[in-house]
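A.B. asks: The lines below spell out each chain.
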Amino acid sequence: MIVALFAAVAILAPLLMLRPRALWRCLGAEVVAVLVFGALAAFARMLRVTVDPYLACVAAGAVVLTIVMAFVAFAEDVRWSANRAAILALLVYALMVPLMLRTPPDGDEPYYLLITESLVHDGDLDLGNQFRDIARTASGRADLVPQIGDRIDGARVRSHLEPFLAMLMVPGYAIAGLAGALMTIALFGALLARSTVRLFEDEGIADATTRALFPLVAFGPPIVFYAARIWPEVPAAFFFVEAVRGVRQRRMGRWVFAAVALVLLKLRFALIAVLLGVAAGFSRQKGRLKPAPTLIIAFIALVLGASRIRELVPESAVAYPIGLFGLALDGAAGIAFQAPIYLFGLIALARWRAMPEGFRLGMSCAALYVLALVPRSEWHGGWSPPLRYIVILMPFLALGCAALYERIAGAPLAIAAASTVALVIHGAAYPYRLFHIANGENAVGEVLSRAYHADFSRLFPSFIRPNFAAVVAGVVLIVTLIVFRGGRLLRPAVVAVTIVLAGLFAMRPGGRIDFEDAHVVHEGGVLFPEEYQVARFVFSGGWIVRAGDAMTFLAKRGPAKLRYVSDGGATIRIGGRAFVLPATTPNTYNVVPVEVDREGRVELRGLAGTVNLDWMRHD
Amino acid sequence: VRSDLFLVVAVLAACIWVARGSRWAAAIECSLPLIAIAALAIHDERARFFAIGLIVAAAFAGAALVASDRIELLIAGVALLRWLPLRDVEVWREVVVLMGLVALFVAMGRDRLKPVATEGTWQMPTVGTGFSLSLVAVLAVAAVTPIHPGKAALLTLVLAGLVLAPPAARAAAGLACLALAPFVRWSFVPLLVAAAFVLLVPFLAKLRPLAYAAALALFAVWPWSGAAARALPAVVRFDPPVGEVRPVGWSLGRGESLALEIPRSRHVIVNASAANGLSLPPGTLLGFIEAGGCAREVRTGDVADFGFTRREHFFFARHSLPRITRADIRGLGATSWLHGAGAVGVACGGRELDLLRFRGAHETAKLQIESVELPAR
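Protein chains in written order, with this note's numbering: chain W, 1 to 619; chain B, 1 to 377.
Honestly, the hints are just simulated from the structure, not real lab data. Ideal Cβ placement from N, Cα and C applies to all residues, glycine included. A few of these clues could be false.
Each pair of labels, with its calculated beta carbon distance range [what the hints assert, rightly or not]:
id: 1; chain 1: W; residue 1: Gly-576; chain 2: B; residue 2: Glu-72; range: 57 to 67 Å
id: 2; chain 1: B; residue 1: Arg-357; chain 2: W; residue 2: Tyr-432; range: 31 to 41 Å
id: 3; chain 1: B; residue 1: Pro-247; chain 2: W; residue 2: Ala-56; range: 27 to 37 Å
id: 4; chain 1: B; residue 1: Leu-175; chain 2: W; residue 2: Ala-451; range: 30 to 40 Å
id: 5; chain 1: W; residue 1: Ala-56; chain 2: B; residue 2: Arg-87; range: 32 to 42 Å
id: 6; chain 1: W; residue 1: Tyr-432; chain 2: B; residue 2: Ala-179; range: 48 to 58 Å
id: 7; chain 1: B; residue 1: Asp-44; chain 2: W; residue 2: Ile-478; range: 32 to 42 Å
id: 8; chain 1: W; residue 1: Ile-2; chain 2: B; residue 2: Leu-175; range: 35 to 45 Å
id: 9; chain 1: B; residue 1: Arg-351; chain 2: W; residue 2: Ala-451; range: 35 to 45 Å
id: 10; chain 1: B; residue 1: Arg-357; chain 2: W; residue 2: Ile-11; range: 53 to 63 Å
id: 11; chain 1: B; residue 1: Glu-256; chain 2: W; residue 2: Ile-2; range: 34 to 44 Å
Simulated coverage check for chain B against chain W, where a stretch passes if three residues somewhere in it have a Cβ under 8 Å from a Cβ of chain W [stated by the list, open to error]:
id: 12; stretch: 45-56
id: 13; stretch: 216-224
Next comes chain W alone, as it looks inside the complex:
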């Protein structure tokens, strides 16, 4: 079915978007690509090259669709309009839905679906009977239990999630169940694509630029994933763009409606709605101020979102830069590694005064929201596909990117585009890998670490578990924001050399060993906390070692510090030396000096007692 869907989109998309001359060329190129993939599949079989067939199929389909998108982006004979762009987006999102359904919905998704089911079947928001009869839920998640924060009153359960998204999905669900619910979100994705194109037009972005960026934005992460899964972010992004367009066009009906819908989707978005209201109400309209709608919106937003206001109070000064730089640079959850095209949007932020009015309005309206988000421990989105909390900003970052587009050199654009295609293929083929346990590593680092038993994860900046690479990346980002003139120095050849050098560097022992990491070879013991622990990121990760359990890892010779927690104390052996770890009070980590007697692969073995080992850092 996946192949049939890919074929359908590969044929329909050019018919929709291209005029005859370009259409025939595009179809010809697609035929060539399909024949090449067919021949390569035969060669691969003969050469006994083992590739996951599902991955190969998705990759081939994605490459064929990339050809179509390249024609849409660069050909001269294109039928381009916002409506056609929306239909194209709907086609692709409709293809993504079954790809995302390879594994059951995860995170908050099945809960939103549960609310929808409650609305459809019972006409209420009480999930008590849904949980009692959980085997019947369309998500197939029979393991669901009420979430932390849900209101439980006897047999009645009221979800802490806002019900508006579920209400929006009711018609779709009533027609086609889970697929219908997902298609509702896909429809909002298409509407978002249309609004984004309209926004670009409103802000004076050339059609050629819009076409060039459209595929990367609409069909790149994170939007393409959130448009085919049940999260409120894509509908919210649509309402946000519409609200900003409404404010810019001084159409009160549009922006008020959109802002209210935004707040109803998630109360936290009230922080955006308030600033939108301020911007709209206190801008001059026909020569006089109109604060009334602003005050109404502000009042509603403040009442509904009172609890969120507290989040603006700083918890810790260092939390702000961690969250902020993390959103930009984190290997598992940052723009640079999960949606690199938007890095240009960040650069656009640093050229504020030269940016279109819509960009400035959108980003400034989101300022309070971002300010509230970054100090939170789950700035990275928690158990969700990457960049969850900033999906809503993506159309505006894309607008900034579009405003810079003519100044950006081909090489950085090509790198970002290639990365985008690779990320989409990875996410489409392995949708479960979009969720990460936020342990400070990322998918690429883990794969390489497992393959080489060396700490490749330390090459990727992590702000979830801050590392040295994060400091370096942060400095590089700041310098880039200041000196960026088009990125001509960022040649792919330079990137290739960097990858090779980084690979060589990663083979050497690192300065710190986190014992739960993928590069450590475990023989016994268990991960702490367990893999699917709710809000796992607030715990110090570690590996619990009992007598007889062992692990090996690359280490440097010499003195080091070991961080652990052990209720009754434990004895361990590192290399040829034994160390007694004194008992600690529960949940209080202790750091003790140890000595590593050799360079290279070292064994750590539990001799007595039980100890939760967090990390070992070389002095």
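Given the structure of chain W, go ahead and fit chain B onto it with the hints provided.
C.D. replies: For chain B alone, kept in the frame of chain W given last:
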């Protein structure tokens, strides 16, 4: 291996060089980090080479879309198809081949059309009217041209001369090559097909997408260019083993025989090849496999000389690939080759077999029993 890697990087550099000035250059240059990632992330050697082959082929195709009329690109393609591994390059013969290929490319110059993606534009390449087939055709000749015997290296110069003939004569020569292909010995077939392709290039406009697809797919397997050029039909004759494979490793001359006990089964597959059988014509009897009271003849065609697709031997071989092959490809680059072992089914009217007896029958050639495949249980 390191010098081979440098050669691949040099080929990519040539691709980037010919595409410089166009914004496609950046996309082509992205092949460098992709190769670094493939080399780092893919552990299985074949999968790694396969991925690198695909990346380099894509970069080469990109460069060809921008500037297919550049000699640098031709030399890069020839280097990729013929000069890897570098340690096995026979320099003077390769120089002759290269000169012939350049002459052929120049002679075919009039077939080439103007490339569509001009400097500094984002114009989409076109399939069907874009880069000419000349480069593809010359690279096809490059892939199949033998250097053993040395005289064969001059074939490219002969082709260059033929290309200069009037169109009607050229078409007639091309069709003659195609017509001859089914009747000549196996090792001449790739040469004749490539020659026909070169001679018929002006008449193949309608088949361009197909030609591009075939060229790109074949070019992508440059890490096994030798095996691809000399044993391409193995793709359709390949059938993977399904049961347990037990290596045997016996060689039997005329009058020699050996027996092998096997677990009881109704049928087995014997992988066999010939030794010293290079000059045997198709259908020559090599020996027998006896089991359960039945005898199965083994002839060339069922099996082939084990090393007949080696670069040094292929031109002299008179028989073809085995009907069913397990595709044991050895080596890399231009010197890679396909082992001539063929899969021979042995059964005896549904009787259970527990003993296989192998008997050699040829005077000079030996029957080699490589392995026995038992049915999947």
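A.B. asks: Provide an ascending list of the numbers of those earlier hints which the structure does not satisfy.
C.D. replies: 2, 4, 9, 11
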